[in-house]
Amino acid sequence: MYYLIIIFIGIAWYCWRDNIKCIFPITSKDTILITGACMGLGKALAIECAKKKCKLILLDVRSDLSLDLLQDIRKEGSEAQFYRCDLSDLQSTKELITIIKQKYKVTILINNAGVGIFKLFEDETIEDVIKTNTINYLAPAMLTQEFIKDNNINHIVNIGSAASIVQGMKITAYSASKHAMWGFHNALRMELKYQNSNVRTTLVCPWGIKTGMIQGLKTKLDYFLPMMTPEYVAQCILQAIEAGREIIFIQWYQFYIAHISRLLSSKIVDWFILFVQAKHVHEFKGRYA
Numbered sequence: 018m019y020y021l022i023i024i025f026i027g028i029a030w031y032c033w034r035d036n037i038k039c040i041f042p043i044t045s046k047d048t049i050l051i052t053g054a055c056m057g058l059g060k061a062l063a064i065e066c067a068k069k070k071c072k073l074i075l076l077d078v079r080s081d082l083s084l085d086l087l088q089d090i091r092k093e094g095s096e097a098q099f100y101r102c103d104l105s106d107l108q109s110t111k112e113l114i115t116i117i118k119q120k121y122k123v124t125i126l127i128n129n130a131g132v133g134i135f136k137l138f139e140d141e142t143i144e145d146v147i148k149t150n151t152i153n154y155l156a157p158a159m160l161t162q163e164f165i166k167d168n169n170i171n172h173i174v175n176i177g178s179a180a181s182i183v184q185g186m187k188i189t190a191y192s193a194s195k196h197a198m199w200g201f202h203n204a205l206r207m208e209l210k211y212q213n214s215n216v217r218t219t220l221v222c223p224w225g226i227k228t229g230m231i232q233g234l235k236t237k238l239d240y241f242l243p244m245m246t247p248e249y250v251a252q253c254i255l256q257a258i259e260a261g262r263e264i265i266f267i268q269w270y271q272f273y274i275a276h277i278s279r280l281l282s283s284k285i286v287d288w289f290i291l292f293v294q295a296k297h298v299h300e301f302k303g304r305y306a
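Per the numbering used here, the sequence shown runs over residues 18 to 306.
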């Protein structure tokens with residue numbers, strides 16, 4: 018009975034905390050590093066963070082897009098520094114992070130950068146698989162390890178995906194990378210709690226976002242599972258950071274879809290996914306950066 022009471026109190030605490038809007042406010046004292054910052058969700062995150070007047074370190078492979086972004090950030094009254102970074106090159110990325118750590122005290126790390134090539138597995142090359150997993154999982158893991166050693170870092174945000182849990186077609190490499198992120202992030206969270214660390218973590222698992230990375234994502238349930246704007250998702254992520262939430266699915270029903278699918282027979286889930294996606298799967302494409 019004693020243990021049941023403790024479990025009930027714990028569940029009540031987490032439910033209450035998830036409804037709190039701002040336990041850990043982002044302030045001008047924070048320095049936030051965002052990967053993949055020049056496009057899509059990364060750009061939206063950078064602008065939302067700039068509204069908090071914090072310092073920003075922006076990483077992206079597309080240096081040609083950096084000037085416009087820096088201007089937008091300065092309009093919000095924040096300071097920002099851009100570094101060109103190709104996350105598929107782990108060695109050069111590690112060298113860049115060493116330089117950044119010498120110059121700045123990063124307090125929040127947002128591993129946003131991602132890549133997706135959406136093909137049937139038989140059409141993928143091993144180079145596709147390696148690059149996808151390097152950018153989507155290995156590079157974020159390396160950045161996390163580099164910064165977690167510092168006393169300055171207090172929050173790590175990783176961008177996962179609904180594909181971390183729910184299967185689909187034309188996402189074998191992408192899904193593998195996001196499953197790796199799901200497992201890595203949750204295990205890391207447990208280790209940090211075991212070590213009584215002050216570092217908080219947030220895993221974001223959104224459905225489709227209207228960015229250039231995903232094109233032609235359609236299902237028979239588009240009315241119930243609409244593509245989300247980067248601006249909306251960015252606002253939800255910042256709210257989650259400030260509330261100290263550990264896992265967010267953006268839309269509440271996505272949480273239930275993701276977890277109920279794990280309780281059902283694979284035959285039922287597979288039939289359902291084929292029913293809603295198969296008609297449009299040939300239109301589903303992605304950007305391979």
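Please note that the accuracy of each hint is not assured.
Restricting the straight-line Cα-Cα distance to at most 35 Å, the calculated cross-link-like pairs of lysine-lysine (DSBU-like) are [stated by the list, open to error]:
1) K69 x K148
2) K70 x K227
3) K227 x K122
4) K136 x K72
5) K136 x K70
6) K92 x K136
Hints listed in this document are in silico derivations from the structure and should not be mistaken for laboratory results.
Tested hints:
no. : hint        : result
1   : K69 x K148  : holds (34 Å)
2   : K70 x K227  : holds (26 Å)
3   : K227 x K122 : holds (32 Å)
4   : K136 x K72  : violated (39 Å)
5   : K136 x K70  : violated (41 Å)
6   : K92 x K136  : violated (40 Å)
In this structure, the earlier hints numbered 4, 5, 6 are contradicted, and the remaining ones agree with it.
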